[in-house]
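Undergrad: Residue strings, one per chain:
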Amino acid sequence: MFRLIEELYPICRSITGDGLRETLRLLQRQIPLELREVRTGTQVFDWTVPKEWNIRDAYVKNAKGERVIDFRKSNLHVVNYSVPVRRRMALAELREHLFTLPGHQDWIPYRTSYYEESWGFCLSEKQLAEMKDEEYEVCIDATLENGHLTYGEYFLHGDTRDEVLISCHVCHPSLCNDNLSGIAVAVSIARVLQSAPRRYSYRFLFIPGTIGAITWLSKNEDKLGNIKHGLVLTGVGDAGRLHYKKSRRGATEIDRAAAHVLKHSGQRHEILEFSPYGYDERQYGSPGINLPVGRLSRTPHGTFPEYHTSADNLGFVHADKLGEALAVSLEIFSVLENNRTFVNLNPKCEPQLGKRGLYRMVGGAADAGLSEMAMLWVLNQSDGKNSLLDIAEGSGLWFESIRQAASVLQEHGLLRECSGCVPSAAGLKLGKKS
Amino acid sequence: MFRLIEELYPICRSITGDGLRETLRLLQRQIPLELREVRTGTQVFDWTVPKEWNIRDAYVKNAKGERVIDFRKSNLHVVNYSVPVRRRMALAELREHLFTLPGHQDWIPYRTSYYEESWGFCLSEKQLAEMKDEEYEVCIDATLENGHLTYGEYFLHGDTRDEVLISCHVCHPSLCNDNLSGIAVAVSIARVLQSAPRRYSYRFLFIPGTIGAITWLSKNEDKLGNIKHGLVLTGVGDAGRLHYKKSRRGATEIDRAAAHVLKHSGQRHEILEFSPYGYDERQYGSPGINLPVGRLSRTPHGTFPEYHTSADNLGFVHADKLGEALAVSLEIFSVLENNRTFVNLNPKCEPQLGKRGLYRMVGGAADAGLSEMAMLWVLNQSDGKNSLLDIAEGSGLWFESIRQAASVLQEHGLLRECSGCVPSAAGLKLGKKS
Amino acid sequence: MFRLIEELYPICRSITGDGLRETLRLLQRQIPLELREVRTGTQVFDWTVPKEWNIRDAYVKNAKGERVIDFRKSNLHVVNYSVPVRRRMALAELREHLFTLPGHQDWIPYRTSYYEESWGFCLSEKQLAEMKDEEYEVCIDATLENGHLTYGEYFLHGDTRDEVLISCHVCHPSLCNDNLSGIAVAVSIARVLQSAPRRYSYRFLFIPGTIGAITWLSKNEDKLGNIKHGLVLTGVGDAGRLHYKKSRRGATEIDRAAAHVLKHSGQRHEILEFSPYGYDERQYGSPGINLPVGRLSRTPHGTFPEYHTSADNLGFVHADKLGEALAVSLEIFSVLENNRTFVNLNPKCEPQLGKRGLYRMVGGAADAGLSEMAMLWVLNQSDGKNSLLDIAEGSGLWFESIRQAASVLQEHGLLRECSGCVPSAAGLKLGKKS
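Residue numbers (this note's numbering), protein chains in the order written: chain A, 83 to 516; chain B, 83 to 516; chain C, 83 to 516.
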């Protein structure tokens, strides 16, 4: 995953344009991603697909002809979506188009101007301090013309039409955590799930933030009914703890699965309530869409100083943190895949586990094995109203041990899966203090 | 408000009689209060309107003819509703009619005997210690005869017949916090609301405690259906923190509005559960009446030593505390006035705020403005199931900023008020830890 | 109770056999218990009534003919349900049949082998260390043959057919807390309730653990509908605090009654959520039975070192602890007996308590008496939706004071019992922080 991030890092992405296309084509080497192109001017709900932006070069040259701001050194130097400009001007005039980050001498901020035609440069405080009051040559060699918005989509068929949506944004230029970390983990999830048995189908979206999600949703309203769970992946590579942000509905199966997996992960973590600010969960969780889509991140956007600056670089993301995020994501999907509801076929008193070889044979010992506890919980709660996740939550036991217990009990004819059963919405109210 | 309290302080009020009438007439100089008279003997639910009590003078004179207890010095000296008496008696006999407050040498307790015919004097421990074993002349120049119970009512019409009830008791003699503070704040509320636009009608009751509320309720059963919210005001002038006591139903709109306003007031405060003890919220919250009426007070009755003693005097109430209570009350009513339910007219994904001038124009900054957050919350939650107060509670934002956001969004055609919408009873379950 | 425990302590009980019968016959001296016999081989749900086990003697003799392990010294020395054996063998072979308790030099563990035919001896670590490598004479003079499973049942008629079930296990040999303490308290409950007025009927079961409960349930399915509340009693004599374990349903009337009684007991205690491990609440709480049966214990089984060892002896249980458990149990049943629902016959405003002699006659005092508070709570909440236990929980007052208030109010014609009223399931949501 880290190598993929290294490869993608130098590319100047935006919400449209060739940087975005190049990024998606690199991903096609890993997974059979399909690229979609949506024409400029297309109406997507309340929005319009914007002109396509492409940039070749940009600089500010001083009186000596030296590039004091140089796009070739960092693509953050240009305000993303700047209109073309090629002029000479005094510092005073130029100054209104320069953006720095007070408090961080060496960092370049990241700025965009997608929906208002303007131009600008971002630079470090140190660079700005060195600029003399002289005339500068300003060049942004960009085009902003009718074209297309591009996104990538990969649909992995499962046993059923029910889908899990995995979405990440691909519109940020050289920013590692906020963009590339989510892309890298999503690609790895896809590669793992390709070769795993799947009850659910999985749909992976690699889309420009906001406008991409809106575009996809507006063109795929007929598919929304199939989406049973979803996860936005972003900012999963920094050194902070994992944060799961709940879907708008707030107690959906993926919300509960994620909370369960994180609780049993042994890692410090946070569960965040839904709020209508953040990444594309905003769109998936708008009132007219209202899909059960949560978000997995580490330190939340906007709360770490490196956010949207040149310091969100290759040194800011860590291979082991990406690995942990991948593992947690896969375990969440494993809970969803295996979260079924069973009915105890011997519901009056406990079945005699001993005669089936499922019980310690010499009684009286002070401690029962953990898997016996799991079997007892599954038997006790499998009345058709509790899913395995309900039982895991109620018992305080790990989902995997509950799943294994159910599997053994089913093999011994003590349980039957109940596909028509609808677990009580709120889940099991028993159990450990949270 | 403090000046009104000073003016009312010397009057000897009771649950009936001329002191009560004089009090209400003084209030008529401030607001167009209507005085109602209900005849002695009138049956009001399980109670009977009592005889009218009036007092001219009262004293206990010692052998030298000196007034050792003198009604003219403090009207608390006479047990309220004492029957007339004019006799000479030894200290031993008189002693059974004397009430002091152990532990407070200089304070005179406040005692009443409304529903049992008896008489008595209240005095300080110090006064009692100075009384010698001699013969005393005892005089209570009072009358207890058929007459009327008086109360004041002021109805302020609003755009709808739905009412807010504001009730305070007016039956305590020279006690400032427990009586006059509530009266003063209620009068000020009335004066402010007179000149404000009003969705609700407001009904102000200035009534003797218990029997007054029972009398009003028994004579106005046909109006109870209009009362959508209510507030008992009392004990709001001392130096303690504000306490809001919930209505019997416990999660009504005024309960939630009051909790919201106090939470965002920046002041320390307490929210109390309903209990069937206290002031007239007991009657409004009886099971057969069950109106959504809460109570605003500061230090709860019975929990401060000055309660029901001569120490609840002009020095015990503070102009700034009255002002704070007024401000909080008005803000609660403002929340009720403005708590409407809207429907997002662009519910699929976010509307493009930028093209409407509702969004910062250069993207990428780490912090969104607070009012943008308010707009996003209102848009996200306005699905007809959440009122603005629901959204304020869910988002943790101040109601006023939510209201302003809704107003701006409505002006831009993004929201429509939904008068037929019924917000989910329990409110939004999202949001900040409380 | 302690004397009964002393009397029962030496008997070698098991899940069948003469030790069990002798135990039940000793209980018949205290209460008119009926003994039931169920034939070996009887199918009871998923289980089969096992062969009857009886033992006369057992020992291991060393080469000198000395009994180095002697059943006559402690009946824990033989693995309960050992098949007969009479052989000579070397230590190495014998070793596989010996069980000790690592970490406790002098304690003999308790082991059973009910459902697998095997044999063994339990002994202390110290005894084992003294056994030389020589030939031993091994004798278990026991029979394991077709016979019966025995249990005791005592049904105490009440005014209604609705039943309270009280169940304790009687299958453990010389173990005091885990077995005899529950038996002793159950017998005392029966003796007290015999001479008390009873709305409910009470059914006492003295049964072998697991198989006994399963047997009784399987043969009495037609009676289960009558069981409205139930309590498993066990491990109530040690020095630890009381623990009430909730029934499977988790918020039943006995769960709430037990929590209320323990809260007001002034003793430290714990409320445990249901789990499908423990004593016979497992069977009563299986999904196809699902009776509202909780469990009262002190230190939970398995969490104290003396559990299932010879150290659970007469010194481990305390007469005063048994007394406390008895008192708490009786108070729980008293709450159930008296938990009725009333309707306030004067629901509009408060009734005038004073004219009925139910109120302090001189008003104005800062504190109302507690029983007045209880009356006000009962009047305020008796709208047919709240039982007396609901009101006690909501007010934070003790059930007994609420009950007394209701009784006085009923005498004065202010309340009427509402037998058809169904209190709101979740109880009153008002009230004190828990």
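Careful: at least some of the hints might be erroneous.
Since the list gives no way to pick one copy over another, a pair counts as held whenever it fits inside one copy or between any two copies.
[What the hints assert, rightly or not] For lysine-lysine, the following DSS-like pairs were computed, each having C-alpha atoms within a straight-line distance of at most 27 Å:
1) K437 / K133
2) K143 / K310
3) K143 / K437
4) K310 / K467
5) K430 / K301
6) K301 / K146
7) K467 / K214
8) K214 / K437
9) K208 / K301
10) K146 / K430
11) K301 / K214
12) K208 / K430
13) K430 / K305
14) K305 / K155
15) K467 / K345
16) K437 / K301
17) K208 / K345
18) K214 / K305
19) K208 / K146
20) K146 / K133
Derived from the structure by calculation, the hints contain no laboratory data.
Undergrad: Output the numbers, in ascending order, of every earlier hint that fails for this structure.
TA: When the structure is compared with the hints, numbers 2, 3, 6, 7, 8, 9, 10, 11, 12, 14, 17, 18, 20 turn out to be violated.
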